[in-house]
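Take the sequences, apply the hints, and build the full model.
Take a look at the letters that make up each chain.
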Amino acid sequence: MPKIFQISQGDAGFSYNGVNYTFSDVDTIDYTYNKKNHLTRGASGTNKLGIAYKEGLKTPDAAEVKVVDCSVAIYKLLLTIFNDASRINFWFVDRATGEGFTYKNAAIRDKPRQTTIGESEDTIGFMFAVECFDVTEKLNDE
Amino acid sequence: MSKFTIDSEFRGIAGARAYHAALTFVRSIYYLPMICPERDYFKAVDWFDTLSDDDKRKMLKIAIDDGAMLSEDEIHALLLFAKDQNNVPLGKESVKQLSAFEISEVLLDVCCEIFKKKVFFFIKRTSRKDAEIFG
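Residue numbers (the working numbering), protein chains in the order written: chain A, 1 to 142; chain B, 1 to 135.
Rather than coming from a laboratory, the hints here were simulated on the basis of the structure.
No false leads were mixed into what you were given.
Derived SDA-like pairs: lysine to any residue, alpha-carbon spacing no greater than 25 Å straight-line: (1) Lys76(A) <-> His76(B); (2) Lys83(B) <-> Asn17(A); (3) Lys104(A) <-> Leu98(B); (4) Lys76(A) <-> Asn86(B); (5) Lys83(B) <-> Gln114(A); (6) Lys92(B) <-> Asp94(A); (7) Lys96(B) <-> Asp27(A); (8) Lys66(A) <-> Lys92(B); (9) Lys96(B) <-> Ser24(A); (10) Lys96(B) <-> Thr136(A); (11) Lys92(B) <-> Ser120(A); (12) Lys3(B) <-> Tyr75(A); (13) Lys83(B) <-> Arg87(A); (14) Lys92(B) <-> Ser15(A); (15) Lys56(B) <-> Gly15(B); (16) Lys96(B) <-> Glu121(A).
If you want the footprint, here are the derived chain A segments under chain B, 3+ residues with CB under 8 Å: (17) 12-23; (18) 65-75.
Positions of the beta carbon are idealized from the N, C-alpha and C atoms, including for glycine.
This is the structure we're talking about:
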């Protein structure tokens, strides 16, 4: 089972076709890290070093975002990207730690779904999930 | 060449809001006596309507660069009619990427598109006598 992390104070956005979009309000971001190292050894149980192997190399990392108060045009764009199975560069930042994640060439896994009614007729709240193999993590070391 | 496509149809409430935001720039030209040759408001209106599209653009550029201040809502009302490569109107999600100069350029493009049609059509229908009563 991959471990799920949650960011409740974060910023997120994506770029598609050379245009960058930054969500003005993000409720939560859940993300997983699937790769794990394991040790194993023979049934006799005498080897104290063991053999290391990796798990989860075939499984992409995923992130699920709940967006609040977003333009309907952006929602429709994400729906189109989902339907076309196009790729986006998705990013999010944990405001508490300054840690940032970039998902390059990510696919939208879950169809964007409206979760809340927006405050105006032009905005809505929705959630969507992305999957990606090319994840870059940038620590805030300042 | 702008990287944004400007809508040519300004319909609905959003269109009306954009039109009124654009009028703010024209009014600011009227208040610049070194630019506007007419001191009578109605004559100034007629003068602006008779300008070519290129001249209107020059006047509006002066107004945008040096004249009128728009509220955030008014700026958004105009930017809604500029669409990016993905056919998404410029909104709060994408406008953060633009510099102040790029935003001014988009505002200018949208205003020029609005003013390709007649500007002060409602005043033109008003007779001079009515104008005196109201003015």
